[in-house]
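Assemble the whole structure, with the sequences as input and the hints as a guide.
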Amino acid sequence: MGTGGPSAALLAVGLLALAAVMAASAHGVLAERASGGSAARGLTRPFSEAARLLRQRRRATVAADRLLWRSGGAGLGVIPLLMVAVVPVGGTALFDSAVGVVWFNTADVIVWALVWLLGWGANSTYGLVGGYRFLAGALGYELPLMFALTAPAVAAASLRVSDVVAAQRDLWFVVWMPVAFVVMCLGIAGFSVWGPLSPGAATDLAGGVLAELSGPDRLLVQAGRYLLLAAGSAVAVCLFLGGGSGPLLPEGLWLLVKTVVLLGVLVVLRRRLPLLRPDRFLEIGWLILLPATLLQLLVVSVVVVGGR
Amino acid sequence: MLVVFVILAVIAVLAGAMVFVVDSMARATYALAVSFIAVGVALLVLRLEYLGVITILMMVMEMAIMAIYMIMFMGMNPALMPMSMVHGKRAALGAAIGTFLLLVVGILLVPWPVRPEPAAASTQELGSALMGSKMLVMMTVSPIMFAAIVAGVSLASARTRYDRFGDDLDHAPTDPQPGGVGR
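Quick mapping for you: the protein sequence lines, in order, are chains H and A. Numbering of the first sequence is given in the working numbering, commencing with residue 1 and proceeding in unit increments. Numbering of the second sequence is given in the working numbering, commencing with residue 1001 and proceeding in unit increments.
Rather than coming from a laboratory, the hints here were simulated on the basis of the structure. One thing to keep in mind: the hints can contain errors.
Derived list of chain A stretches under chain H, where covered just means 3 residues or more per stretch with a C-beta under 8 angstroms from a C-beta of chain H [unchecked claim]:
| id | stretch |
| --- | --- |
| 1 | 1026 to 1035 |
| 2 | 1053 to 1061 |
| 3 | 1064 to 1070 |
| 4 | 1169 to 1182 |
Partial list, derived from the structure: chain A residues whose beta carbon lies under 8 angstroms from chain H [claimed, not checked]:
| id | residue |
| --- | --- |
| 5 | Glu1049 |
| 6 | Tyr1050 |
| 7 | Thr1123 |
Ideal placement from N, C-alpha and C gives every residue a C-beta, glycine not left out.
Quick look at the structure:
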């Protein structure tokens, strides 16, 4: 395992963008078919939406805090790249950090600040309420997510993502850490402000943190959300689904295939799950998910210590 | 490497100073976050990977939480309006200069350990220090901090368990909003 150069960077970013577009297209198809539209229009929805937003004029609000508003949007485009930096693609990670798992956790915590800044910057009531809703929901998913991330690290006795992948040579961690995996998937939806955990950007708030976003700014944030979803899935694949390991195909391709399958499952599940309001979800997070994740961690620790 | 460190140090100090220059609570909060991120990256430059990353994680999270409290607990919501970020200037200035001098004297007088090269496994060393020689301190600090948090929350909370469950704590909870697990 080494640290990759510019070509590895391009490869990782390219694969990430590809996975994100596929997820957005899949969602487009399901949404179009649910409303009786054509699947083809759904498939190209990410592109038509991008073209529409690129031509749209920026909406201005009174006394907006532009610096903070734009930083929020730009940051959501950067964070997914920081996340995939620690993902080993075809044997090399861009930044094969010894503390890769904590690095990923830090990146997803920065999303807290960015989404709130998006809501604050517009100087609009809906945006601000959306920002606070997101933070309230984040309190519910983040702690279980942190403990869920700890489980594979404990089992691999390393915080380096490539070590965690290597430790799953015989058995994928998802087999004996199902709870941690489910919590991780929920966390991915959470920091992507997406699906059941998107009350901060919900339609009952006129879009919440997205309410006043228009044109390229909105495109950046929407793309950022799908990139976050894809980057989170790629990390989940590395931590729980054996990373790039698999027969016949090269490592990079296996990673992409697994990531896209996981994304597909998330996209399909999204339409079957209700929106989890923060006031409800907080209690679910702290009274069910957190103890369940701690128990999972206990099982993992006992297995690791017993196996020594 | 030294250049990068100096640039990060300057960013950290300038962003820290901006906290008192800007006129918005949000900008002050996130100027402080930027300052801490610069400190975290400086730690990364010093090859203290775990400490650097965890500094950024903790501080950004803390600033986001601070944003919740700053709206929740400030009367009349001045946090939403432009406002000065300084008050009690003279006392604050004295405290700041005093603390600065104390820290500088401490830095200059402490016999720093000399290491031939950067530690290869700083995370591991930190872990064994926490679980070994510093165990007593950590075990004492944790319950005190936890007690302080619980005390703070119960003092700040308008509705206690007696409001929720009745005087003998035997009623079903009367919450304005039902929770998610159906209690």
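Evaluated hints:
1. Requiring three or more residues with a Cβ within less than 8 angstroms of a Cβ of chain H, the coverage given for the stretch 1026 to 1035 of chain A holds, as 4 such residues are present.
2. Judged by the Cβ-Cβ criterion of 8 angstroms, the stretch 1053 to 1061 of chain A is covered by chain H as claimed, because 6 of its residues qualify and three suffice.
3. Using a Cβ-Cβ cut-off of 8 angstroms, 4 residues of the stretch 1064 to 1070 of chain A lie near chain H, which meets the minimum of three, so the contact claim holds.
4. Given a C-beta distance limit of less than 8 angstroms, the hint that chain H covers the stretch 1169 to 1182 of chain A holds, as 5 residues qualify and 3 suffice.
5. For the restraint placing Glu1049/A at the interface with chain H, the shortest Cβ-Cβ distance is roughly 5 angstroms, inside the 8 angstroms limit, so the hint holds.
6. Using the Cβ-Cβ criterion of 8 angstroms, the hint placing Tyr1050/A at the interface with chain H is satisfied: the shortest such distance is roughly 5 angstroms.
7. Given hint, Thr1123/A at the interface with chain H, holds; its Cβ is 6 angstroms from that chain's nearest Cβ, closer than 8 angstroms.
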